[in-house]
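Trainee: Please take these sequences and the hints and turn them into a complete structure.
Each chain is listed here by its residues.
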Amino acid sequence: MTTTAVDSVAQSQAARDAVEEFPVVYDVPDDAALTDQILSPIWTRSRAWWPLFIVSGLLAVLFIYAMGVTFVRGIGSWGNNVPVAWAWGITDFVWWIGIGHAGTFISAFLILLNQRWRASINRFAESMTLFALVNASLFPILHLGRPWFFYWLIPYPATMGVWPNFKSSLPWDVAAVSTYFTVSLLFWYLGLVPDLAAARDRAPGITRRRIYGIFALGWRGSSQEWRHYRVAYTLLAGLATPLVISVHSIVSLDFAITQLPGWHSTIFPPYFVVGAIYSGLAMVLMLILPARRIFHLKDIITEAHLSNLAKLMLVTGSMLAYSYLCEAFVSWYSGDPFEYYTSFVARPLGPYAIIFWLMLCANILTPQLFWWKRMRTNTVVLFGASLLVFAGMWCERFIIIVGSLNRDFLPSSWHFYAPSWVDISLLAGSMGLFCFLFLAFLRWVPMVALSEVKRLHLDMRKERQPVKVRAADGAAS
Amino acid sequence: MTLIQPSRKRKPRARRVLGEFPSVESLLAGIDALKNGGYDTLETFTPFDIPELDARLGLRRSRIGWLVFTCGLIGMVLAFGIQWWANVHNYPLNSGGRPVFAIPSFIFPTFEGLVLAASFGAFFGVLAWLRLPRLWAPIDEVEGFTSASIDRFWIAVGAVDADDSGERAQQILRDSGAIQTIAPADV
Amino acid sequence: MTAIFPSWATRAARIALACGVTALVMTPLLAMIWVRTPLARGEKLSITQPVPFDHRVHVNGLQIDCRYCHAGAERSAWAGLPATSKCVSCHTQAWISSSVFEPVRQSLATGKPIPWRRVNELPDFVYFNHSIHVNKGVGCETCHGRIDQMSQVHQAASLTMGWCVSCHVNPGPNLRPLTAITTMGWTPTKSDLDQMKTLTADFKIKRLTNCSTCHR
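Residue numbers (the numbering used here), protein chains in the order written: chain P, 533 to 1009; chain F, 902 to 1088; chain W, 3 to 218.
Covered stretches of chain P (chain F as the covering partner; in silico rule of three or more C-beta atoms under 8 Å from a C-beta of chain F): (1) 731-740; (2) 770-781.
Some chain W residues close to chain F (C-beta under 8 Å, calculated; not the full set): (3) Ser9; (4) Ala11; (5) Arg16; (6) Thr211.
Quick list of simulated restraints, FRET-style, between CB atoms: (7) W:Asp204 / P:Pro869: 50 to 60 Å; (8) P:His947 / W:Leu41: 45 to 55 Å; (9) W:Leu41 / F:Leu979: 30 to 40 Å; (10) W:Asp196 / P:Gly677: 43 to 53 Å; (11) W:Thr112 / P:Ile596: 45 to 55 Å.
What the hints contain is simulated information worked out from the structure, not anything from laboratory work. As the structure is a computational prediction, the values presented were derived from the model and not from experiment. Even for Gly, the Cβ is constructed at its ideal location relative to N, Cα and C.
Mentor: Printed below as a string of structure tokens:
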């Protein structure tokens, strides 16, 4: 809807180009049918849903169990040691919060850039952000040592008479992550309101109508409502855009303001932000590829979306490659033996060399596939590449954190790090929790921004009549 | 947020005639026809945002931006103030010999405070501005009105006099393509 | 009727929302108020000792100096409790045969100390040195209250970190001349007041708010 706020600009070349290659929406029958199609997973029980929900739920239980062990036995139950005081916990934190970045990128950046194709996938991306942030915010809290005192990080008038140290990057982290989660939630919910109203008005049975009615807050789509809503939503997007850049910049400062070789680098903030969006785009693709197949969304999430996301991955992946290069160059150029050692000996040849090379291959080579149009629309390639990048970005964070810490300045301090079963359960469990929440979202929340897609559909109809009729089978599945 | 319930205990509003349109084009045609017919107080109900309506309905750009701006400003000042109070005034914290009043370090939470407060302003501001939540409104009693959130476009024609049968407004609506019209009602 | 909600639903929703917001605000607020009450800090806790030792009798009646029993008060990190032999040095006759002295007799017979219960307990992560406080002009009364009026000793100060810090940021006003360290109900005389102005400097006390002052 907000894309249309600047409707006169809607004809811009950028928007047109996005349309040229593939249509961003195929000719869906009409708005009523579209609404029913998007909402049908809410009303009709899918057979595959329950088993998936239960499996991911069990993994989430494992997560809770591992958290319980961490609570009771403390950080000692993790594989962390000295000097590797930060390890999987922080790796998972940075990884999850990075994944979260693509949601806001797609919904906020692309609004401001007037990329209307985002309408079909922004709800997926925003939900993904929200659930990734739930996981991301748990890991630093677990790492506190005494996690039940997490509220000490908030500047409130405590009986202790002291306050958080705002010259440390860790309270910045708290401010950034909590703000990011809150703003993402508000943005997500505000975008949902008109669709919840549609669900209210389409729900079978008075009970479900009332439940959605309560969450829709009494939205009726009046001209007055849209007039204010449009501005508020765009403003939220405008606020979220610098926010998303600030969040991962601040996360990167957790490392960059220390004096450890491999951390102490000025490239870190942009390097982290780009990597974050990159991993998040991979996650978005991994979620929409099955979703568009299972829920028959190929008319709404078309090859244009896949291709655009793949292009964005190519761009961010190349920027990431530049960042790697820049980091390596600076550590060589610095002439500092410790910097040099970390970049050119410890990482590529050290105990975690396999992970280092896996990271390089997965993150730099994989997206090069997307120079070819056929690769950008081949769902198998897309899924495989996303999975590689998804894993590669975890490896990157592991290399940055453990790879830098385990070779301390003095060889006598060197210590190998291996995860404990609690570390592994926390990572697996957090993925389970993510899937659990995402499946719940698919089941109970309108999964596509209906009102925006209806508008997009109208615009496309107006711009090119008749709408390109979907090519018979031929194209990518 | 006001707790006053809309419409019930207030003086009865002028009754309104409703028309249901199948498309945006017919909706726009209907608005034009109604305005030509002398009906000026119009409200539409649509499943998605149609910014083109604003000019036709005489709606100005929302001023909610000022609220968001003010909230952001307050959040910024508050966040900076908290940091100054905590680390400079109330408990000057010597952290590695850095200056106590370290403005560059305070920028990050200040920015986050700005964004957080401004976002609260935008979200809760728009809800309060629109008097939401409003689970019940008189218009909900109209048969078939729920299509307004799905695929139909409704116009409510205001300022229908008490003695007016609303027939003329309904005729205009029908002429411009309305598939259903509702006689004057207190909605 | 086609509306899914009755007409009172709007008001009900708003009231529910207002209640929710109030609960959200009040819960932490009430918790913050609660931790500031003496009850939450254990100041009202009644701690029954194995022997009903009455400080009033010993401090007021017998005029025994604090340091006679708490001998480590100005020499060690812990003020310390008297050995049983110290009790018995006076109590050779008085009370020694009474039933309340059973733990004392037990202690004498077995050589195991009397299991006194701690009243002013600090967490293990706090490094607290009793002697430095006493030697730099912090009176017994300042932290322990009017011991001379307690039949059963209870915690007199809140012992929160904020309470420690409130003095550490500016110790001056809480200091007294060393001659008045053990005085109960000390009211400074004119000459004391003059002296107090220079106490901080005399004791060479600086602002003591480094983390490592107490957390080592």
